[in-house]
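Novice: Let the hints inform the model, and build the full structure from the sequences given.
Number of protein chains: 2
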Amino acid sequence: MSPQSILTPQSEDFPAWYQDVVARAEMADNGPVRGTMVIRPWGYAIWERMQADLDRRIKDTGALNAYFPLFIPESYLHKEAEHVEGFSPELAVVTHGGGKELEEPVVVRPTSETIINAYFSKWVQSYRELPLLINQWANVVRWELRPRLFLRTTEFLWQEGHTAHVSEADAGAYALRILQSVYADFMRSVMAVPVLVGRKTPKERFAGATTTWTCEGMMRDGKALQMATSHELGQNFAKAFDITFADAEGGQSYAWQTSWGASTRMIGALIMAHGDDNGLRLPPDLAPVQVVVLVVRDEPEVVAEANRLAAELGAASVRVQIDDRTATSFGRRAVEWEVKGVPVRLELGPRDVAAGTATLVTRHDGAKVPVPLSEAGARARAALEGVGAQLAREAEEMRLSRTREVASVEEGREAAEGGFAVMGLEVLGAEGEAALNSSGVTVRCVQRRDGGLPGPDDPDSDLVAVVARAY
Amino acid sequence: MSPQSILTPQSEDFPAWYQDVVARAEMADNGPVRGTMVIRPWGYAIWERMQADLDRRIKDTGALNAYFPLFIPESYLHKEAEHVEGFSPELAVVTHGGGKELEEPVVVRPTSETIINAYFSKWVQSYRELPLLINQWANVVRWELRPRLFLRTTEFLWQEGHTAHVSEADAGAYALRILQSVYADFMRSVMAVPVLVGRKTPKERFAGATTTWTCEGMMRDGKALQMATSHELGQNFAKAFDITFADAEGGQSYAWQTSWGASTRMIGALIMAHGDDNGLRLPPDLAPVQVVVLVVRDEPEVVAEANRLAAELGAASVRVQIDDRTATSFGRRAVEWEVKGVPVRLELGPRDVAAGTATLVTRHDGAKVPVPLSEAGARARAALEGVGAQLAREAEEMRLSRTREVASVEEGREAAEGGFAVMGLEVLGAEGEAALNSSGVTVRCVQRRDGGLPGPDDPDSDLVAVVARAY
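Chains A and B are the protein sequences, given in the same order. Take the first sequence: its letters are residues 0 to 470, numbered as in numbering that gives the first Met the number 0. Take the second sequence: its letters are residues 0 to 470, numbered as in numbering that gives the first Met the number 0.
If you're looking for bench data, these hints aren't it; they were derived computationally from the structure. Don't take each hint at face value.
One copy or two, it doesn't matter: identical chains are merged, so the pair holds either way.
[Stated by the list, open to error] Straight line, CA to CA, 30 Å or less: simulated DSBU-like cross-link-like pairs of lysine-lysine:
hint: 1; residue 1: Lys99; residue 2: Lys78
hint: 2; residue 1: Lys202; residue 2: Lys99
hint: 3; residue 1: Lys238; residue 2: Lys58
hint: 4; residue 1: Lys202; residue 2: Lys78
hint: 5; residue 1: Lys367; residue 2: Lys202
hint: 6; residue 1: Lys222; residue 2: Lys78
hint: 7; residue 1: Lys367; residue 2: Lys238
hint: 8; residue 1: Lys99; residue 2: Lys367
hint: 9; residue 1: Lys367; residue 2: Lys58
None of these values were measured; they are calculated from a predicted model.
Specialist: Structural data, given as structure tokens:
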């Protein structure tokens with residue numbers, strides 16, 4: 000069985016390829032309740048690595064983790080007008096608890112601004128306690144009519160940060176620090192996805208925010224995927240939830256706030272930014288297994304050599320696994336590791352061992368080279384070194400080759416059939432955005448012409464809009 | 000302000016002391032929906048350390064993490080008769096999603112046996128894939144009428160493991176491995192709580208299990224707290240969910256299963272097993288901050304010395320924090336760290352620094368000793384070394400001094416007013432258990448006379464029951 004035969008080719012039907020790879024790599028299954036998802040061990044191990052890296056970065060900014068309840072009184076949602084309007088259509092509502100009908104129905108959190116800010120209101124007293132920087136890892140629920148595993152699911156896992164600051168400038172700087180040093184840098188250096196960063200248009204803003212910043216990745220079908228957002232909330236929630244503090248001048252002020260989140264959607268991005276017709280291609284930093292030692296036949300000298308190699312790699316902190324399930328054909332097992340995206344395979348057969356060699360296979364470029372057994376461990380480690388950078392380079396070349404500068408809204412709509420289109424923000428305008436939306440194209444972000452972040456005083460004439468079809 | 004004045008003394012009103020310490024140590028708050036809980040950063044940081052240690056131990060047994068949906072079709076619960084009977088009174092039910100009434104209501108998971116076993120049924124085909132060892136970290140909901148922070152909350156955080164095996168012996172051995180090497184060893188060596196391990200009586204068994212194993216700790220009011228359980232499920236769920244596999248002999252067999260869990264309840268245990276009238280006493284392995292360097296007055300030479308000490312301790316991988324909030328009185332800050340249970344304080348004032356000394360305060364025994372500044376870092380590290388063992392010793396001495404061997408059910412009832420009572424299992428009998436239950440005393444676990452675990456063939460005459468009032 001060749002790898003090609005088990006997955007629909009990307010060029011034939013990209014969504015079918017995605018579905019195939021999620022199933023065949025054992026990443027996830029559909030749950031029994033519409034739109035829910037079972038994250039299988041291979042998918043969850045990738046998520047754990049994403050979590051660990053992001054959690055460290057979040058803590059480096061000074062934020063502390065906490066946990067707020069899943070259930071929110073319905074009335075809380077109504078305190079911020081735009082927020083409730085944005086989330087009402089997606090809510091799951093609990094009406095019965097402990098065998099009785101509840102007096103007030105409770106909603107399952109779609110996001111936690113309302114409940115967290117109700118507590119910020121109690122906790123924040125003085126400017127001395129600010130900034131208050133809180134993060135939580137949690138599940139949230141947004142009822143999804145057209146679900147897709149990892150990309151749009153009724154329940155998903157994420158982190159959500161919520162902060163309160165003494166000034167607008169401090170809140171703004173923190174929202175950008177999260178955008179850049181937590182999200183964008185993680186996506187570029189760990190996920191190997193060269194995201195664009197920019198500001199959302201008012202139409203695409205988070206419900207209740209004054210500014211939404213975003214990281215946008217290009218998938219291998221040319222579509223965009225929003226991979227994380229960081230919001231400045233102004234004083235909207237502070238006023239709705241009465242978050243005031245004694246300021247340094249002896250008065251009372253409303254806090255300035257931010258919120259920011261990244262979810263299991265990033266797993267979908269990882270799949271679609273790097274995967275090929277043979278399956279996943281994982282950057283080594285996120286691969287649950289970095290090197291698999293594949294025993295072709297379980298003869299004693301082969302198994303001994305496999306154990307020696309695995310021990311050597313394990314001692315060098317490589318995540319290594321031996322596959323000696325020789326009751327299953329070698330070809331089938333090779334295809335399985337290929338689909339799962341393990342960066343490096345060391346294949347060991349009786350003839351190899353007799354000849355003092357192993358076959359080193361690198362997943363990202365499909366190269367197979369014989370290596371001396373004595374060097375196999377070192378060569379495998381060396382092969383891992385370059386994988387992340389190579390995947391990032393490929394992804395960046397793809398994005399560049401599928402991005403067109405255009406001079407009109409109509410050209411932008413056409414260019415978005417195959418990738419990203421970049422046009423002057425003045426050329427676009429609110430009418431142009433509406434016109435694009437009606438053909439399924441959205442503004443992904445607004446940037447400076449050089450790709451930098453727009454400042455609050457930049458005139459539209461200095462800015463561009465990146466438009467695309469999106470997940 | 001002395002520490003004593005901010006907490007109700009334990010001897011006066013233990014539940015009030017508990018409530019005070021949870022609030023004053025900023026561990027948790029009540030949520031707005033009855034029985035829910037906000038875990039504040041100090042409480043959550045302890046939970047993260049518990050999670051990290053348990054997660055490593057769970058993975059060492061070969062289990063893999065995964066994630067299953069929060070929402071379970073109501074019909075799933077009905078597939079195992081005892082299970083649905085056990086959980087029905089506690090369910091939260093979602094009747095509306097996405098603005099519409101649902102065709103079939105869904106329940107919020109109270110535990111995940113049903114949904115996980117529905118997938119095991121799909122995944123398990125051959126004995127070659129067994130054992131299947133899965134764990135998940137998740138929130139669960141059991142509607143709670145008499146909630147208490149950490150101890151009984153409508154929503155709580157936990158891990159739940161679910162496994163399938165080829166034989167009863169294999170499942171049984173695995174359930175015990177989890178009990179001992181994951182739970183009991185963690186509680187004894189990391190939490191410093193000398194738990195008793197044993198078997199639950201049929202009356203106290205998990206709904207759907209054939210055997211339930213438990214870890215029971217004694218709190219400082221003499222009551223018991225169940226800190227984790229590990230269940231053998233026999234083939235009950237395998238038959239209800241049709242989990243069959245092709246066995247090595249060419250036939251089809253039902254799998255043998257286990258499940259096991261430990262929750263945020265352990266935080267309540269940590270508080271009540273070690274806390275005193277001045278607040279928490281944390282074992283260093285779980286303390287978010289192990290050493291606090293307390294600056295009495297923020298004069299330059301004092302701050303410089305505090306920074307030097309913190310850097311030295313940080314470089315030695317000690318979790319250290321400087322408290323230089325000199326706008327707040329020194330006494331008040333000292334009390335705060337005392338309540339929060341930080342194991343070691345280094346207090347630095349201008350006179351200390353001028354004299355070349357610091358004051359080293361150890362939380363667990365309240366000792367204060369002057370130490371030369373040049374040795375302060377090393378002395379603080381040395382002080383941390385013994386804390387866990389000392390807390391464990393104290394907790395064990397307390398348990399031994401409050402445990403009585405008794406010869407009748409009535410004596411057991413009386414002894415349980417102040418601690419644990421141990422009686423022959425034959426003396427107890429089913430009638431005795433019912434009699435104890437009616438006075439609020441329960442059988443915590445069944446053990447061999449030497450404290451060992453009962454074997455399947457041990458006659459009742461060789462076994463004892465440990466009975467107590469319990470949380």
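Novice: Evaluate each hint against the coordinates.
Specialist: Each hint tested on the structure:
When the C-alpha separation of Lys99 and Lys78 is checked against a cutoff of 30 Å, the pair qualifies both within a copy, at 27 Å, and between copies, at 22 Å. For the identical chains of this complex, Lys202 and Lys99 are inter-copy neighbours only, at 26 Å across copies versus 41 Å inside a copy, given an alpha-carbon limit of 30 Å. With identical chains, the CA atoms of Lys238 and Lys58 are at most 30 Å apart within one copy only, with a shortest distance of 28 Å there and 46 Å across copies. Only within a single protomer do Lys202 and Lys78 lie at most 30 Å apart by alpha-carbon distance; the minimum there is 21 Å, versus 47 Å between protomers.
For the homomeric pair Lys367 and Lys202, neither the shortest alpha-carbon distance inside one copy (50 Å) nor that between copies (62 Å) is at most 30 Å. Taking the shortest alpha-carbon separations for Lys222 and Lys78, neither the intra-copy value of 36 Å nor the inter-copy value of 44 Å comes in at or below 30 Å. Neither within a single protomer nor between protomers do Lys367 and Lys238 lie at most 30 Å apart by alpha-carbon distance, with minima of 62 Å and 47 Å respectively. Within a single copy, Lys99 and Lys367 get their C-alpha atoms no closer than 64 Å, and across copies no closer than 55 Å, so neither meets the 30 Å cut-off.
For the identical chains of this complex, Lys367 and Lys58 are neighbours neither inside a copy (41 Å) nor across copies (33 Å), given an alpha-carbon limit of 30 Å.
Hints 5, 6, 7, 8 and 9, counting from the list given before, are not met by this structure.
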